[in-house]
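Participant: When the sequence shown is numbered by UniProt numbering, its final residue is 455 and no position is left out of the sequence of numbers.
Among the hints, erroneous ones may be present.
Restraint-style ranges between C-beta atoms, simulated for each label pair [to be verified]:
(1) Met10 / Leu143: 52 to 60 Å
(2) Gln170 / Thr25: 48 to 56 Å
(3) His338 / Leu401: 30 to 38 Å
(4) Tyr47 / Lys3: 13 to 21 Å
(5) Thr255 / Leu89: 56 to 64 Å
Below, a list of computed lysine-lysine pairs in the DSSO-like style, where the Cα atoms sit at most 27 Å apart [unchecked claim]:
(6) Lys50 / Lys3
(7) Lys21 / Lys92
(8) Lys3 / Lys450
(9) Lys92 / Lys450
Read the hints as simulated data drawn from the structure, not as lab findings. For glycine and all other residues, C-beta sits at the position ideal for the given N, C-alpha and C.
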Amino acid sequence: MLKIIIPTIMLIPTAMLTPPKILWTTTTTHSILIATLSLQWLTRTYYPHKNLSPWTGIDQTSAPLLALSCWLLPLMILASQNHLQQEPLSRKRMFIMTMIAVQPFIILAFSATELTMFYISFEATLIPTLILITRWGNQPERLSAGIYLMFYTLISSLPLLITILHLHTQTGTLHLTMLTLTHTHNPSQWPNLFSTIALLMAFMVKAPLYGLHLWLPKAHVEAPIAGSMLLAALLLKLGGYGIMRTTILTGPLSTMAHYPFLTLALWGALMTSSICLRQTDLKALIAYSSVSHMGLVVAATTIQTHWSFSGAMILMISHGLTSSMLFCLANTNYERTHSRILMLTRGLQPILPLMGIWWLLANLTNMALPPTTNLMAELTIMTTLFNWSYPTLALTGMATLLTAAYTLSMLLMTQRGILPTHLASIQNSHTREHLLMTLHITPLLLLILKPELIS
């Protein structure tokens, strides 16, 4: 564990002290080295925990997410080079340091074997993201977006803290390895039902369940590109991961806790997909699409079967890479046209033909075409839900249909059609952007060759 966490923390003085000429190159190469080191966590073991220390340990559930979070740091640094071009040097350093500061907290949150540790790092990821959104956002509305994000997260995670303390007084320990052995729960009683709901609530807000998702589109639209990638690819996964961890503790959920979450998740997948169909703002469209995908994850994790857990895991990983790639593409358009409105950025394929390929690939993975892990995940989740209760098939089927519809409409709007007259001259796409898209899409296409790494 420490051989990843310590280099990540040492990246902060690196970003402070490197000469300005090689600032971007050193931080990027250092973080890529860390990311390649972190791939060793994906190796399989027969033991329940690898690299076990008193506070952290790596599981089959957390290893893929840890590798993903290390993988995304160099990509965030690569993506935010262009919009920091005009800023003074001190601000560039501050931005890079804020991006790096999130990383140790996320690693700790994904690998914590102790609930208080998990709670602290889960909350600490909020601070750097808040700084990123409210300081480097594009419009003055970023302040209200930051307030939304902060209050949604804080209000929902206060019951979580109280429940953790309550668990501690009941069982005397908060280690996950110990808590799985002590079954004090009888889910039919009221206090236990309330504690289950309080445990799940914070994660439901974080992995936005429909109805608690209002902070997400706001935060995504106002955030800079690194903030968007961070939110979409890692912070939403914290929610899904937390649900996975705590549902193992609570044992089988009682039906009173089950049904509202499941219906909200599936109905929300349907609703947000139909919201996407009439969305004018590109970033808001991608944000709502991630709400609908995470709805499937929430639905899968509440029914608690082996299949559904592995499907939710695969969907979290592949959705992290896909939506991050879509945000990068939206950002390349935004940097050239300075507008996120779909009507004003039409028909870009004749000007940027290579970007057209990336748009096509990203959209096809987003709507789960066969050779991608997204399809595998959605199929496993749908089979488990169908096995659990037949009528869910209608909801999930409608949701996939609508997903395909809005993804294709996004592709056609941005790439096809007549070029607007105000876009006569825009700069070419850089090698940096192509590298960024390649680093997003290659893990997605390679993972289908060995999907047991992430299931």
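Participant: Would you mind marking each hint as holding or not holding in the structure?
Facilitator: Results of checking the hints against the structure:
1. Met10 / Leu143: 52 to 60 Å: violated, 33 Å
2. Gln170 / Thr25: 48 to 56 Å: Holds - the Cβ-Cβ distance for Gln170 and Thr25, about 52 Å, lies within 48 to 56 Å.
3. His338 / Leu401: 30 to 38 Å: Cβ of His338 to Cβ of Leu401: about 34 Å, so the range 30 to 38 Å holds.
4. Tyr47 / Lys3: 13 to 21 Å: 19 Å Cβ-Cβ, so the 13 to 21 Å window holds.
5. Thr255 / Leu89: 56 to 64 Å: The hinted range 56 to 64 Å holds for Thr255 and Leu89, with Cβ atoms some 58 Å apart.
6. Lys50 / Lys3: holds, 14 Å
7. Lys21 / Lys92: holds, 12 Å
8. Lys3 / Lys450: holds, 26 Å
9. Lys92 / Lys450: violated, 39 Å
Taken one by one, the earlier hints fail for this structure at numbers 1, 9, listed in ascending order.
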